[in-house]
Each structure stands twice: as C-alpha cells, then as structure tokens.
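4 protein chains.
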Amino acid sequence: MSASTRIPPIAQPFVSDRAKKTLDLVEEFVEKECVPAEATFSAQLGEGEQRWNTTPVVIEQLKEKAKKLGLWNMFLSKSHFTQGAGYTNLEYGLMAEILGKSKLGSEATNNAAPDTGNMEVLAKYGNEAQKQEWLAPLLEGKIRSAFLMTEPDVASSDATNIELNIRREGNEYVLNGSKWWSSGAGDPRCKVYLVMGKTDPSNADTYKQQSVVLVPAGLPGITVHRMLNVYGYDDAPHGHGHITFTNVRIPVSGMVLGEGRGFEIIQGRLGPGRIHHAMRTIGAAEKALEWLINRVNDDRKKTFGQPLSAHGVILEWIAKSRIEVDAARLIVLNAAIKIDQGDAKSALKQIAQAKVLVPQTALTIIDRAVQAYGAAGVCQDTPLAYLWAGIRTLRIADGPDEVHLQQLGRRENKSRRDAIAAKLKWQQQESDRLLIASGFKAKSHL
Amino acid sequence: MSASTRIPPIAQPFVSDRAKKTLDLVEEFVEKECVPAEATFSAQLGEGEQRWNTTPVVIEQLKEKAKKLGLWNMFLSKSHFTQGAGYTNLEYGLMAEILGKSKLGSEATNNAAPDTGNMEVLAKYGNEAQKQEWLAPLLEGKIRSAFLMTEPDVASSDATNIELNIRREGNEYVLNGSKWWSSGAGDPRCKVYLVMGKTDPSNADTYKQQSVVLVPAGLPGITVHRMLNVYGYDDAPHGHGHITFTNVRIPVSGMVLGEGRGFEIIQGRLGPGRIHHAMRTIGAAEKALEWLINRVNDDRKKTFGQPLSAHGVILEWIAKSRIEVDAARLIVLNAAIKIDQGDAKSALKQIAQAKVLVPQTALTIIDRAVQAYGAAGVCQDTPLAYLWAGIRTLRIADGPDEVHLQQLGRRENKSRRDAIAAKLKWQQQESDRLLIASGFKAKSHL
Amino acid sequence: MSASTRIPPIAQPFVSDRAKKTLDLVEEFVEKECVPAEATFSAQLGEGEQRWNTTPVVIEQLKEKAKKLGLWNMFLSKSHFTQGAGYTNLEYGLMAEILGKSKLGSEATNNAAPDTGNMEVLAKYGNEAQKQEWLAPLLEGKIRSAFLMTEPDVASSDATNIELNIRREGNEYVLNGSKWWSSGAGDPRCKVYLVMGKTDPSNADTYKQQSVVLVPAGLPGITVHRMLNVYGYDDAPHGHGHITFTNVRIPVSGMVLGEGRGFEIIQGRLGPGRIHHAMRTIGAAEKALEWLINRVNDDRKKTFGQPLSAHGVILEWIAKSRIEVDAARLIVLNAAIKIDQGDAKSALKQIAQAKVLVPQTALTIIDRAVQAYGAAGVCQDTPLAYLWAGIRTLRIADGPDEVHLQQLGRRENKSRRDAIAAKLKWQQQESDRLLIASGFKAKSHL
Amino acid sequence: MSASTRIPPIAQPFVSDRAKKTLDLVEEFVEKECVPAEATFSAQLGEGEQRWNTTPVVIEQLKEKAKKLGLWNMFLSKSHFTQGAGYTNLEYGLMAEILGKSKLGSEATNNAAPDTGNMEVLAKYGNEAQKQEWLAPLLEGKIRSAFLMTEPDVASSDATNIELNIRREGNEYVLNGSKWWSSGAGDPRCKVYLVMGKTDPSNADTYKQQSVVLVPAGLPGITVHRMLNVYGYDDAPHGHGHITFTNVRIPVSGMVLGEGRGFEIIQGRLGPGRIHHAMRTIGAAEKALEWLINRVNDDRKKTFGQPLSAHGVILEWIAKSRIEVDAARLIVLNAAIKIDQGDAKSALKQIAQAKVLVPQTALTIIDRAVQAYGAAGVCQDTPLAYLWAGIRTLRIADGPDEVHLQQLGRRENKSRRDAIAAKLKWQQQESDRLLIASGFKAKSHL
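Chains as they are written, first to last, in the UniProt record's numbering: chain R, 1 to 446; chain V, 1 to 446; chain Y, 1 to 446; chain G, 1 to 446.
These are computed hints drawn from the structure, not numbers from a lab. As the structure is a computational prediction, the values presented were derived from the model and not from experiment. Just so it is clear, CB atoms sit at the ideal spot from N, CA and C, and this is done for glycine as well. Hints may contain errors.
As the list claims (entries may be wrong) - A partial selection of chain V residues facing chain R, derived with a Cβ cut-off under 10 Å:
#, residue
1, 90
2, 139
3, 142
4, 328
To be verified - Residues of chain Y placed beyond 12 Å of chain G at every Cβ, according to the derived structure:
#, residue
5, 49
6, 222
7, 255
8, 298
Claimed, not checked - List time: in silico BS3-like cross-link candidates among lysine-lysine, alpha-carbon distance up to 27 Å:
#, chain 1, residue 1, chain 2, residue 2
9, Y, 302, G, 425
10, G, 349, Y, 63
11, R, 414, G, 302
12, V, 423, R, 63
13, R, 302, G, 302
14, G, 320, Y, 349
15, V, 441, V, 345
16, G, 423, Y, 21
17, G, 349, R, 302
18, R, 425, V, 32
19, V, 423, R, 20
20, V, 302, Y, 349
21, Y, 443, G, 423
Could you put the whole structure together from the sequences, leaning on the hints where they help?
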C-alpha cells in the first residue's frame, strides 16, 4: 500500500491528485534512497572534531536527486507563499510524515528546520535585499541557517524574558549576550543567524522591546563556545550551539521588518513549523511501530517457545499504538486544514493541540518499541533511541507542554464560560417550569 | 456557535447543507426540549415498582415534537437503507453527539438503542411479514424491542459460547436457556425480543450453530426474573433484564434469515451501532466538560480566595479534555466515513479503534468533572455520575476492550509483518551496498 | 495463610503477639461471619422507604458476637486513649484492612466511621457530662452519630468557608444553615450530630470563627430533607443526608471544648481516621483482587479456548495490582507508626501521602476486576461496583486529592529548597575548585 | 537532616546504630567528595579513543579515602558472607540509595556492579584457588570484572536460549560464540570475565546445559569489537562491549562450581544485586527531585512574573514524586528484610516487585525534572538526562518488566486461586444458609 492509499478517508478530499503522486514519490525517495544512505552519512561524517567540519557527500547527492524528482521546498504552502512547490499545508503535512522516517529526508528535500522557518520569515518579512542575499541561497539549498532565540540565563518559554542586547550605533547594530540551543549552528554550511534580541529594553510594552536581525555566521565577537547534547547525542554536524555575542557589529540593513517587531515575526514563524514537526513526529512513530512489528516476529527472538507477537501484552501495544498514532495524525491534519483555510493565527487552538498531543504520543510508542527490543532498543543498532531523544525535546522546544496546556485551558474556559453558565441556568429554570406545570415541585439546584 | 459551525474543518466536506440544518435543529431540540424535560421524566416515572410499569407522558410528547420537526430515524443511513431520514453515517454521527447530551434525546427522535440495531436487522434481513409485524411499529416509535444475546453462564464476549437452545418441533421452535443484560426488556412498551441461540449446537463449524429468532415479549415460559443494576442505577423503565426461557414456543416464521445465520446477523448489526454509541459518548464527554467549566467559575466555590479556574491543575484538565475529546471525535468520524464509503465490514479496523478509544476518553473526562465538583459530582445533583456509570459499561458491551485490542493488534501485525520484514531487510542490504561503494565496511545488523 | 502471617516483614516488629492473635480472629470473624451475613442484611433492610427505618437484626447479632470475641473498639489507639481495646494505630490498621473486606465488618466491631472520629473527639475534647451522655452509648454501640461539616453552598474543602450560623442567645445556641453529605444521618439509631459552624463569623482570625456543638437528632427546626446518592447507591440505612437547620436551639452545654475552637477539633479528628479509611480501602483492593483471581480461573468463562488467566494482559493486571497494593499498604503502615510514635500532627506528611495514594490505587485495582468480570462486574452480583463507588468518594472526602497534593508539594518545596540550593551551590564551587586544582577549566553552570 | 534521620519510621528497627553512623558517613562522602569530583573524572578521562584507555586519577584517590573511612565492600551482607563490612542487605540498601546520587559513589566504595555480583559468585561458589586469584584483588578494588551472559542473536531474557559454546578438550575448555552488553568490559582495569555458556547443549533438562567459567580478559581469540551506546552515552571507560570468542582456550580450573550448574549460579547472583540497583535508583530519583526543587525556585527562571514553584502543576509534580519515591523505597526495603531473614530465593516475589516498580517510578520522576528544566534538562548541564538513560536500561536488564510481571502474575494466581475459590464458594453457601434461616430465598450467584 503506497502512502497515497493510506491517507485517512476523512482527509482525502483535501489532497489533490498531484499531491498524491508527489506523496508516493516522497515515500519511494525516503525509503529507497534516504534510509539506506544514513549509515554512509554517519561513516562519511567520521569521528571526533572532524564531525563538525564535514559535509558528507551523500547528503549533497541526495539533494541533487530530490531536485531532479521535483521534491524540493514542498513546505512553502501555496496559499501563503509563491516560492514553494505548490502544495497546501495539509498536503505537505502528509509528505512531512514520510520525511520523518529518515533523518536525511527533510534536508535532502530542502524541507529541514530551522531553515524552513527562516525561509518563511525572509519570504514574509524580508526586504528585497535580504531575500536576495539569504532567501535565494536557502531556497536553493546552498547554505543553511539558524534561529537564535533561547538564552541560558532566563526562562525563554516566556519570550519577553529574552535579554540579548541589540544597540544601535550609527549605521550599525551592536549585539551583546548569550544564546544556546542554537540548532544548526554547528554545520559548516550555516552562514546566517536570525537573532532575536532587545532593541528597546525599556519599552513599556514588553511585546515591543524585541527585534530580529540577520547576522552572518563567523563575524568577529561571535564565539560558538560549546555544543549541547541531547541525551548523549550531539547531532553533528547540525548541532545545538551555545554562542556568545561580544560587541558583534552588523549593518542596520540586517534589521528584519523593523525595530520592535520581533514578536510579530516569531509569532508568524511558529504555526506551519509546528505542523511540520508534528507530522515528522507522526512519521517517527510509524517507523517505531514498523520496527516493533519486525522485532516481535523475529524467529530468533522467541521466549518460552513463542515469538513475542504471540504475547497478549505485545499485541495490546501494537493495537494501542495504532489507535494513538491515528488519532494524533487526525489532530494535526485538522490543524493543517485550518491553517490552509485561514492562517496560523486562526488555527492557534488546533496547532496547540497538535503541539502537545503528538510528541507525547510518539514518545510512548517509541518507548514501547525500545522495550520490545530490549537492550538492542537503547543502542545504536536501531533508530529508536535516537528518535526518542530527538522527540523528547519537542515537549520543550517552542514552549513546554505545560505552557501550551495552560493557554489552551485558559482560552477554552474564557471563551465558553459565559455561554455555558447562561445555558445551564436557563435549562434549570425551564426544568423547574416543566416540573411545576406537570404538578411536581421544583428541584434543588447546585 | 451552533453545532454546524463546530464541525471540525476536516469533516466539513462530508456534511451536506441539509444535514447541517438538521444538526442545528437537533441541538436546539436537545438543549431546549430534552434536557429540561429530564426532571419531569424522572418525576413522572415515580418510585418503586411503579417505575417498571410507567411510560412518562413527557417522552411521548417529545416524540411528537421531534416527528413534527423531522427529527426521526436519522440513524438509518441513506447509503444502506431506504427507511431512514436520508443522512450518511457521518452526518448522523454528528447528530448522535448532540443526542448524547440528554438521556431523552435518542428515544425522543427514535434513534435509541437497542431499537436502532434491531431495526437495522429487520430492514436488512427480515422478510416482508417480519417487517410488517415488527419493523413498521418500531420505525413509528410505537413499540420498543430488545436484543437477547449475553448469557450469565458463559463468556459471551466469545459469541460461539452462547448456549440458549432453539429446538425445532414441527412448525415451532422451542427455546430453553437464560439471558441477561437484556437491555430495554424492562420497558412496558417492549414487545419483541430478538433472541440469539443455537439451532445446531453440534455443527462442526462453530459459526453456523447460531440463529436469531423473533420472540414476542410475554409468551408463556418467559420469566424476567430480575433487573440488573449498573453501579446502583437500575435504568428504569428501560432496564437490563435477567430472563429465563423454559419451553418457550414460537412459530417457525419467527426465524430471521435462516437457521445457522446468527453470526452473519450479529456481525451486520454491530458496525453503525458502535458509531452511534461512540458519538453519543463524545456528546456525554462534551457535556461533562461544560459542567466542569461551569463549576470552576462558580463564585461561591472559591478555595483559598480563588475560583477553581485560577488553578493550573484545573486548567490542564480542561486543556487535556479538549484535546482528547477532539482526537476521539475525529477517530469516530473517520470510521463513519469509511462505512459510508463501503460498509461496516470494510471499516472493521476503524470501528474497533473508535470502540476502544472513545469510552476510555470520555470516562477520563467525566471523572475529572466529578472530581472538580467534589461531593456534588458523585450524586444526583449533576448528570456526571450517571453518565460515568453508563459509559463504563461500553468498555464491556459488545466485547471488552481487551478483546478488541487483541484483534486489532493481531490484524495489524499479520497484515503488515511480511512487507515490513522485506522492506527492512532490503534497506539493510542497500545500506551495506552504499557503505561498501563509499569505501566503508558493512554494518552489523540485528 | 492467616492474616498475621501476611504482615509485611518490615512491619513485623511493630505488631505484638496479642495483636496478631486478634488480627487472625478479626479475619475469621469477617470472612466467616460478616461477609456471609451481607445478603441477609440487605434482605432484612427491605425495599423503598422502609430501608430508612429499619435496623436489620443481623447486624445487632454480629455486634453481640464481636463483643464476646473481644473485637470491639480497636480503633482507639492505646497511646492516645484509654477507652479502647489497647492496640496501636499500626495494629488496628492491619485489622481495619480485614474489616474493609465486608461492608458489615466495621460496624459489627464498633469501628465504623463516622462514629470512630466522633468518639475520638468526645474522648479528647468532651467534658464529663458530654462523655456521659454521648461517648458512653457510642462506645457500647447503642447509638450512632454523624459529623456535619460539609455545606452545599460553599467550597467546603476550604473549611474556613463554612457558613452555618451558631448564635448565642442566653443559655442557648441557635443554629441556622444547611449541611449535606451528613453521612450516617439516615440511620434510625443516629442520635447525635456533631455540627461545625460559626460562632464568631467576623473574627479577624478566620481559624477562630468556628465551633463544634452537639445537637441531638430530631430537634425542632431540623429537616433531613433528602438523601444523596453515591453513583446509584443510597447507602441506606446509613445514608448521606441533606439537612437544614432553622432556628434549632440547643443548650450552651452542647459546646465542645469552647467557642472558636472548631478548627482545633477537626484537625485533631482527621489523622487516625484517614489511616482507618486507607486501610479499609487496602482491604477492599485485596478483596477485588481475590474476586479477579476467582474470575479468571472460572472454567465456564473461557474465551477462545482458554481461561482468562492464560492471557498475558490479565496476568499483568494481577501482578501490577499486587505491587501497587503492597506499596500503598506500606505507605499507610509507615504513617500509622509515625502517629504511634508521636501524634497525628507530626505525621501530617505521611498521612497525606496515604490519603492520596490509597484510593487511587484501589480504584485502579477494582476497576481491573470489574473489567475482568465484564457485565457481572458493574452489577449487584459482585461486590465490585459498590466498592468502587464508595472508594471514589474518598478522593473527595476530607479534601480532594488536589488540595492535599498542593499542600504536600508546597511543604516539600518550602522545607527543602534552601538546603538544596546551598548544597548544589557548594558542590558546583567545590567541583570547580577540583577541576582547577587538576589543571582544568571550571565548567559553566546553569 | 542527615540520612540516618530520614530512615522511614517503619524501617528503623532494622538499622543498627553502627549502620546509622556509616550511613551518615556515606552521605557526607558522596555529597562532599564524590559529586564534586565528577567533573574532574570526566576531564581526566579526556576525549575520543583515549577514554577507553584511561583510569582517571581522581577515582583512585576517592577509593583511598573511602577505604580509610571504612566505607568499603558494604554490599556483602553479614548474614550471607564473611568478607564484607558487616551490614545487612537492608542497611546496605539505605547506603546504596546515597551511593546512587553520584556516578562515582559505588565504585569509590567498591560497591559497583558488576563486580559486586561477581564477588558474590566467587565468594559463594568459587574454590579456594579461584578466590585467591580473582576474589582477593576484586575485594581490594585492584581489578575489575565483567559478567558475560546476554547474546545478540537470541532472546536472552529467557536464559535457556543462550548459545555460546564451551567445549571440553583435554584439560581445556574451548569457547566459541558472541556476547554483548558485557558491561564493564571497556575498562582497562577489567581483568576477568565470568562467562555463561553451554557445556552440554543437548541435555534434556534445559536448565542443566549451562556453565559459568572464568576467562582472563585479553586471551587470544577474544575480540571486543565495538562498544554499545545507551541512548547517546557510551559510559566510557566502563562501557558495554560486544565481544566475540573464537576458539578461546582456558584451563579446566576456570570452571565455577561444576559443569551444568550455570543456572544455579545466575539465580544465586540476582537477588541482592537487584536490591542494590533498586536502591541506587531510588537515590537517583531523590537527586532528580532535589534538582527539580532547585530549578523551580530559581529566581532567574520566572515565567509570567512567577517562579515555577508557584504553579500548581509543578507543586503536584513535587508531591506525587514524593509519594511515589517513598512508596517505592518501602517496597525495596521490605524485600531487603525478606532476604536478610532468609535468602534471595524466599524473597523472589518481593525482589520482583522492587525490580519492576522502582525503575518506572524513577523514570517518571526524572522526566518531570527534565521537563521542569526545559532544554537544560536534556543536555550535559544537569545530571538528569544521563540518569534517565541509565535507569531506562533497568527496565530491560536481567529480564524486561514484562517477563517479571508475567511471572509475578502467574505465581500470585497459582498460589492463591484454589484457596480463594474455596473461600468464595463457602461464603456463598453460608450466605444462602443464613438467608434461608432468616426466611428469605437464596440469591443467584455467578
């Protein structure tokens, strides 16, 4: 069964025939080209320090193949951008699920974070010069980029806390401060940072203090002084940098959109990216389920005379995983449609639902697969442990689950409480009216 | 926001304008007519033994209103039946959600179980005489019916275990055996039982031993010897009967479809009914969420100076409930579409997913609402405790969750293991080929 | 294996030989006398209104037997009271577990709530006349009592919210207000209410406004105007009353301890009672596990050719239940020892742990048993549904789980944060010192 | 509050004054010496290949200090061994909890796995020559060791599957086969492997085929051909080796206990080691809770104007963690006492309970701490991610949770079902007898 035939019936009306064809092509490309290339990618990357200076040849070869196949920049949705491959968020979402099954898939097709979000920012908010300088090579996959927002010394999940200072001096901005979790900053091809900082830290409106500027990597004063691990993985050459800025100077032309408009930019940046992450995560969960199924039918791995697949507990894991991943996928697809029909802002609630539900679902499923593999599951012999670690960060990145749940809960409560109170009150009165009309006493109510 | 505007974007293409109008009408009928009538229904039912002999006037009045509004027999899907109101399973599913918000909703619109399933059986498998005698008055809401399958002495979740004996003697069948959980058998308007039993207990094919016969209630030899409780609730006048058959004689014309075809009948009966149950349960979960929201904003219920809605834990309950119920709904709607596009058999997997996911989801949400209400939540002053108890039985009825999970797991495993094994094997070989081609050693594999 | 041989090794040093003998006697009494008498109790109670006016003979017979066996008032711990049977809280806790296996056990041995807490209050805070009038007959099991605290119109989990007014007029107090969940008030033998209300509602210290007074049941102005259900159970004849007080007059001699000392009284009342509830709940969980085991080995309940006990999922339920109930029991026993070694106040943390952990654990286990029984599990044919409903209220009574968790969390945090911060800070500095001493650079720290 | 004052009241009678003093000394040593030395250990270990060839000086310095303090070999329980420091399993368990708070604690005091289990094996089953050669230097901390059981090609959780061949040839055994997860084999100080294999693969009794032999590391034919990761950690220099044996020859004097007695040995080895692991894991959970508390009071990490500790959800995490870790600890301590009072075999059930409960509990708590730290929690700046990964393997090592649960469930079921069935049957009959004696009808029973 090809990917296009596995689209849930309820989503079918939203997928064009062209997108279905592309989807199947993506699947073939990922399963037959990307997954088998992963080991070579690691081997070409090498060992030790070299891993931060190398671009494995195999990834550039995959990119060439993908371009020829027309599998390029599918993430830029046709309703909001003109530079993409002409698919909706829903359609690309289905493709992103497949891309999530190989760690090379997204990059090979130029759909990899954080470049995708950065390209959206530049396409949406950049001026012509900025587009020329940075968007063009990004769209072609010639350079890579990073988005520097999180800081080590504050609670960045509340972005008003961000402290990196951007001070104007004549025709320049001078940057001072620290960033970490600057993902992608390790890659030798990473040529530009989009840096969020404060140009107006004393503005009474705490949402107007921030700006986003474009900073060429390697400027004097920039120190990438260490790379952070994710459960022991360093994600080289991509990496997660801890970077300090000491009197880093950029021309004023590096300002995106205008001073004080940083919040506007990060809010515009988040919606579709969350759908991409969520759908890739769905793909990872499906991959884990495939590996789980493969293990439990392994004839060499019988216990007490039976393959693992004969054990009821394992069958329940498979069944629950199937239900949970299918439910999570529908939540994401519904959010994607909502974006397609309006914009990310109108789909805030649906996006937040996907943001919270999907990583937790996938972690549960992957962890079941780890457990089924036993010792093999936690080591480098399956993709499971690495997938788990990466997805674990999604419960934290762009705001921890708890922040999103508080916001979702508050919004649901505020938007509905008055109408609900009025309805229940009216129903009680009407109920009493009917009781009395039928000769009974009114009830006591809470 | 009316019900039609709350349809998830992803489901919109499947709902006709006519169905949207009806949906809003259902909502108005349920919220403004049915819910307020519940207290009067209970009052008219009275106390003690009388509760099993009374048909509250108010329900018959609601039925008249519903008929006039055209809200009648919506459950019979237009693609599979001609006698219904002309909606798809998806469309009726959305209506069933609303009906689930009042315990009078389904009956008032003649969409109540077990009559719905029984009408489907008669419409699908009954002969003309049987339709004339039983289907016609059921469709008009003049009588009610029960489906007698579960037996106290065997594990009925495996229906081959059923033992009630149906022996042919001349032009009659003679029934002997016990049934319980004969839901609806308590109602004085219940005039016919569809009884599953064995006509051929020694048939080598254990799926050919069973038949379904039509048995008029009240025949000699039938004893409804007690009514069963559900967590203390007796569900009068509907009730759950424990019934014995001692040489009960019916004419051979009472045989449905033919001897030995009982399994065929029960399998045909289950699909849409599970969607109905699931969507009513979604409605119950939404109702619980409304009551929860109402409570946590109650100014009289402040603790330590704050309304409950200011507490983070409560906001998380609201948010999680919103996510969970939305995900569960999409699973059911997707299953309904699958039935609409084919039949229940082709949607077995999707139906089973809904069957397992929805009650567990709803129980969790209702239980949160109970907890928010404190003592009020467990008693008769909110609808919560009663909703919980009823839905708790859905994890058992028509097969416990565990049986469905085993079947889902087994099916997923069997249908996919060979293709997965082949793919992973090929990918390993291709991976090694690429490694070697690039000058590296092949990897060791599990 | 008798009960005394099942005492966890870690608890053995705390149980005297005398207590072990009594424990085994309790078990014999409960399993051989109380459990078999339950059906007769229900039958003697009868139907309808009569159930609130009847004292089944069988319970009084059991009380006589228990008294003769010396199984009487074991709850009054020897370190804090002189009127009891001379056991520690730990020892009685073990007995309470056994008593929890029959709904007649506690009352038959005069260890039933709310009388136990009320006897503690009277023994601790009552004057001689109060002891003479009410404690003496309670200790003899001649009358029963209720504790009226919860009110329908406020959030009673914050007891400062309580509003019932107690106004002094000359030599009398005049009571006005509403109470509900007055458990035990339905029993015809209930002769006295301990009523919490406000004598000084404008006192600046919100913990000095309340008092507890003794109110003979049946005084003019008292209306028990309805009984509340727990799920569908009314718990007759015990019951949970909704009671209003309209100018109810009692002599000033009914004041316990003194005006404004209500909080002192309810705090002194809660500790051991929570241990009792928790251990009875452990007993209920053990009972559910026994019923579960019995079901899954029932040869008549085979599915697909196997008894349920051959299914891995069921075996996992049994194993998890065993682990969970054993862990929960140790938490309660540890709390009981802490009370025995000091008092309830010094054991606040341990008691709160038991209060939260035990009901959730038991509900999970009972629900598994319900699920294993299928339809039989939710109805009157097993004790499971009734046990579940009763224990569900324990997550709410005496403050909902959430309030206890907030307090536990806050206490843990406050009492430890400074020491932890100092330690971690010191360790970082020492770590850096060692690094530098060994010729390395100091690390960056969070 | 020192460690000895934190001993749960229920465990106090089992801890001697001497052990309490030692416990406090352990705490001081771990918190003041070991934890601060961790960074230096890592720095001295260095980078790349060197990490597998280095013994950081700091660990040997810690060992000297520990020896002088008398903190040495506490794991060898006084009731079963003479070579240890003279504590019970319970007493050492409390110390192991503290040791679990530093990754250097166990090794610094010569209580580190797998040496501990190997020393137990040699002390229990080794002959004098074997003790002289291997036990003596292990007891002194001069060498390290590994236990080679798990194999890559079979499901090792069922140890009868093990395949490594041990063939006798004259005065030698010849070993052929593969092992992996040979933990500790990476350490340059690891001088001996205890290898489990088959000397008699065709023995009809599948539990008599295995033997354990002593194999000096570095013999010809032994290839440690790679080290396995745990998530992204390689645990150098300890490591988890994948090792092949090709015609490796050892003298027959390397046979432990005798041919065919391998199962006897591994069963004797497992009990106390599981207690050690469990208590160290409890220590890790406590450490995570400390780090969690430290974070949520960090003034620099306020969100929306409040420290995290003001958020209800966080307080609930702290409270639940406290309850869960306290319950889990009591389960382990109870198991330790059971071993102390008999042996590991008599405590099988209690040990299995600890084996299953503790890692799951600790993982939950550590994951909450990770989540509270956000990005910092998954990286090298807290001990949390590394603790999580290590403990995750405990749900797999020595048999996955699922195998232990099946065995626990099966044992509980088998040992109790007959007695339960008899009791319930008798109670039903007695219940009916009483009903009839009181003039009622007998009840129907399941």
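Right, here's what the structure says about each hint:
| no. | hint | in the structure |
| --- | --- | --- |
| 1 | 90 | holds (8 Å) |
| 2 | 139 | violated (28 Å) |
| 3 | 142 | violated (23 Å) |
| 4 | 328 | holds (7 Å) |
| 5 | 49 | holds (20 Å) |
| 6 | 222 | holds (34 Å) |
| 7 | 255 | holds (37 Å) |
| 8 | 298 | violated (8 Å) |
| 9 | Y:302 - G:425 | holds (19 Å) |
| 10 | G:349 - Y:63 | violated (38 Å) |
| 11 | R:414 - G:302 | holds (24 Å) |
| 12 | V:423 - R:63 | holds (23 Å) |
| 13 | R:302 - G:302 | violated (52 Å) |
| 14 | G:320 - Y:349 | holds (12 Å) |
| 15 | V:441 - V:345 | violated (50 Å) |
| 16 | G:423 - Y:21 | holds (21 Å) |
| 17 | G:349 - R:302 | holds (25 Å) |
| 18 | R:425 - V:32 | holds (12 Å) |
| 19 | V:423 - R:20 | holds (21 Å) |
| 20 | V:302 - Y:349 | holds (25 Å) |
| 21 | Y:443 - G:423 | violated (66 Å) |
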